[in-house]
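S.K.: Generate coordinates for the entire structure from the input sequences, incorporating the hints supplied.
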Amino acid sequence: MESGQIAVAVTPPPLVLVCDDIDSIRDIIRINLELEGFDVLEAVDGHEAMSRLIDPSARVPDVILLDAQTPRRDGWWAIAAIRSHPRLAHVPTVLVTASTTAHDRSEAALAGFDAFVAKPFDPVELVEVVSRLATDGRPAAPGQ
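Those letters in the sequence shown? Residues 2 to 145, by the working numbering.
The hints are simulated quantities; they were obtained by calculation from the structure and are not laboratory data. The reader is advised that the hints may include incorrect statements.
[Said to hold, decoys possible] Okay, the calculated beta carbon distance ranges per label pair: (1) A82 with P13: 23 to 29 angstroms; (2) H104 with A10: 42 to 48 angstroms; (3) V9 with A99: 41 to 47 angstroms; (4) P87 with D28: 29 to 35 angstroms; (5) K120 with Q6: 46 to 52 angstroms.
Yeah, the Cβ is synthetic: ideal placement off N, Cα and C, and Gly gets one too.
M.R.: This is the structure in structure tokens:
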């Protein structure tokens, strides 16, 4: 660096892992997040998501979106693996699912999801949820 130049640290854009077995759903989410400046990593199921997440050379995402029902390993399996992994336990997660009963919402919260988005979703609302979690991190649990 030449004299008089100032070094500027470049912060990478927030990274979101989107896990859904339906290509068109992943495409909609990825396009909307990329338009808002996010980097997006994709996986088709919980198994592929965890393979990407536990790679020690990979960047840890700022937010993880999981579909409840995917082949091989689903979002329910993945959230348990994420919450028990020291490198990933702090990452905010969103359950994106067509299962929208009060019981589903309650189970999602108990499993460790930080937000719940029902399919079909409004892309603008989904981006707002992801932006909030990327900025604020995981909400504090009651009593913390």
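S.K.: Decide, hint by hint, whether the structure agrees.
M.R.: Evaluated hints:
Distance hint for A82 and P13: a CB-CB separation of about 25 angstroms, consistent with the stated range 23 to 29 angstroms. Taking 42 to 48 angstroms as the suggested C-beta distance range, the pair H104 and A10 conforms, at roughly 46 angstroms. Our hint of 41 to 47 angstroms for V9 and A99 holds, since their Cβ atoms are close to 44 angstroms apart. Restraint check, P87 to D28: a C-beta distance of roughly 32 angstroms satisfies the suggested window 29 to 35 angstroms.
In this structure, K120 and Q6 meet the distance hint of 46 to 52 angstroms, their C-beta atoms being roughly 50 angstroms apart.
Consistency with the previously given hints is maintained throughout, with no hint failing.
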